[in-house]
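> Taken in order, these protein sequences are the chains called A and B.
Start counting the first sequence at 1; every next residue gets the next number (the working numbering).
Start counting the second sequence at 130; every next residue gets the next number (the working numbering).
Just to be clear, a hint being listed does not mean it is correct.
[As the list claims (entries may be wrong)] One-sided and incomplete, this derived list gives chain B residues near chain A with beta-carbon spacing under 10 Å:
#1 G299
#2 I307
#3 A602
#4 R603
[What the hints assert, rightly or not] Derived DSS-like pairs (lysine-lysine); straight-line CA-CA distance at most 25 Å:
#5 A:K75 x B:K289
#6 A:K11 x B:K329
#7 A:K21 x A:K11
[Said to hold, decoys possible] The following residues of chain A were derived to be distant from chain B, with all beta-carbon distances above 12 Å:
#8 E19
#9 D67
#10 I102
#11 K113
#12 D116
Everything labelled a hint here was simulated from the structure, so no lab data went into it.
Ideal placement from N, C-alpha and C gives every residue a C-beta, glycine not left out.
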Amino acid sequence: MKIPKDLFYTKDHEWARLEGKKAYIGITDYAQAALGDITFAGLPKKGDMLKQAEAIATVESVKAASDVYAPFSGKVTAINEDLAAHPEFINRSPYDEGYFFIMEISDESEKAKLMDAAAYEQYMEGISK
Amino acid sequence: MKLIFEKGRHGRRGYVQAKSDVPEAKPLDKRYRRHKDPCLAFVSELDVVRHYSELSRLNYSVDTNFYPLGSCTMKYNPKFTERIASLDGFAQVHPLLPQISGGGMLAQGSLEVLYDTEKLLAEITGMSAFTMQPLAGAHGELTGVMLVAAYHKASGSRRKYVIVPDSSHGTNPASAAIAGYDVIVIRTAADGYMDLEEYKRRMDGNVAAVMLTCPDTLGLFNPRIKEIADIAHKAGALMYYDGANLNAMLGKCRPGDIGFDVVHINLHKTFATPHGGGGPGAGPVGVSGKLADFLPIPRVIRRTDGTFALDYHRHKSIGYIAPFYGNFGVVLKAYAYMLLLGREGLIGAAETAVLNANYCLARLKGHYELPYGRTCMHECVFSASRQAKNGVHAIDIAKYLIDRGYHPPTIYFPLIVKEALMIEPTETESKETLDGFLDTMVEIARLAEKDPASVTQAPLHMPVKRLDETKAAREPNLRWQP
């Protein structure tokens, strides 16, 4: 299972890649594998204001529909338009082609509530026991 | 298999139009006429009869074989209730009859059934009053949450949230959201129960209700359920009981006594009436005294002279939620079922359902991972995680069971169990039937070790082989086109 070093993670298996105030958001390799073949991603709209830890998107697979929670508070600046036609990008490339949207975060200190790669790895070990 | 459209040949007919015995009407104006012929199947009557007979043969139901679909309580629907529901006095009564002057006296039997069923369900669940109107479980949920909202509104309290555990049925958060609430999801702790500490942290004066199944979706009875109810009540929130799992505790324990304020019951689960496809269903909602004024109209009342009538004059009522009085035929069948079984019979049903589930649990626990390994209630939840290591997933096990003539258990639910297999045998199955199914499950576990491909290729003996479910979901093709 891939857990890239430079990302922040939530307990609900979302990731965030910070580039200054800008953040790419998606779901982790573990999340996509657990869901199985993803058939649909319900994304927020450009301009939506998000609050950390609130449900802001949905992801559906042949097994289940799940909520996706915002890793940070802030504003959605762009969504990944490709996912509408290619939900399989989330399975194939969860950290890259399969990102969900880009946001401008409003409070960088919210990082404190997220995990870095090492902490997420440890958290995952606890789950797989 | 061919669709009926594909069986047709242009010009073939299955009917003879009677000669008109009235003067021919002027043809419709051109602009109201359709421009193209409708796309119909050109088939003979025999084609139709064979096509649908074949479909009915392919149909799988409790009447054909074992159906251990967890959380759905697919118990046998005894046939005597069909006989009662088809008695002319019930089947032919017009739903408008009790609403016309003097008509109520001609529908006393039907009104009495509604009235008595309400009383029986109130006794079984420990609630004050019931409405029979909701037409399905999820409809009952929505009605229940609307009653919660009406209650808070009447007491001048503005509340924003409904709490559900992460093991809840998806309809719970959906019903809460449709009724206008935001949903707070509480995680399941390591012991398999809702995380009580997190629950306490999230509970405050903004929470309208807590929606729970009891026993919960893992088939476990939460020993701290009373404490959960007390915490909710202290904050002014109401307790909502999702009756999906009521079959486990009939006559043993009453939601009302635990502290639940609103319950919905699935008559098509617990009270042996047909499920949706053979349905329709029914989801009566019961409430404690403080919510009774808000129940939908009409209410069935008993007058002082002993006759029954419909009462529409309830100014606090949430109003109409269904046409007429609910799925009357379903209510009638549930009523007949309760009267036939009686108190001891219903208790026996619950006991046997729990015994059967524990028999399944005991026989399979050496072969499948049991994530929350203790005595269960009416259903047991295994994980195919051991088999998944060899590439045999829950979905493969389900497909193989279809090949062997069994309806699969519920899979991938509850979401908190990886590769979940949720088995609910119900009380109406014999030991021989259970053993047949369990032997097959053991055989699958063995095959997953020795010959995984034989499982992952299933089904091989069905009219259609393994379907590409992903493609079906990504590119749905729902309509036949010429």
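> Does B:R603 pass the interface hint, meaning its C-beta sits closer than 10 Å to a C-beta of chain A?
holds (5 Å)
> Given B:G299 as an interface hint, is the shortest Cβ-Cβ distance to chain A below 10 Å?
Holds, about 7 Å.
> Please check whether the beta-carbon of A:I102 is more than 12 Å away from every beta-carbon in chain B.
At about 24 Å from chain B, A:I102 clears the 12 Å cut-off, so the statement holds.
> Holds or violated: A:K75 with B:K289, Cα cutoff 25 Å?
Cα-Cα ~23 Å, so holds.
> Measuring Cβ to Cβ, find out whether A:D67 lies farther than 12 Å from everything in chain B.
At roughly 8 Å from the nearest Cβ of chain B, A:D67 sits no farther out than 12 Å, so the non-interface label is violated.
> Classify the label on A:K113 as holds or violated, using whether its beta-carbon is more than 12 Å from each beta-carbon of chain B.
It holds; A:K113 is separated from chain B by about 15 Å at its closest Cβ, greater than 12 Å.
> Taking 10 Å as the limit, does the beta-carbon of B:A602 come near enough to a beta-carbon in chain A?
holds (4 Å)
> In terms of Cβ atoms, is chain B entirely out of 12 Å range of A:E19?
holds (30 Å)
> Quick check on B:I307 please, does its C-beta sit within 10 Å of some C-beta on chain A?
With Cβ-Cβ at 15 Å, over 10 Å, it is violated.
> Holds or violated: A:K21 and A:K11, Cα atoms, limit 25 Å.
Holds, at roughly 22 Å.
> A:K11 and B:K329 were given as a pair; does the straight-line alpha-carbon distance stay at or below 25 Å?
holds (20 Å)
> Is the Cβ of A:D116 more than 12 Å away from each Cβ in chain B?
holds (22 Å)
Taken one by one, the earlier hints fail for this structure at numbers 2, 9, listed in ascending order.
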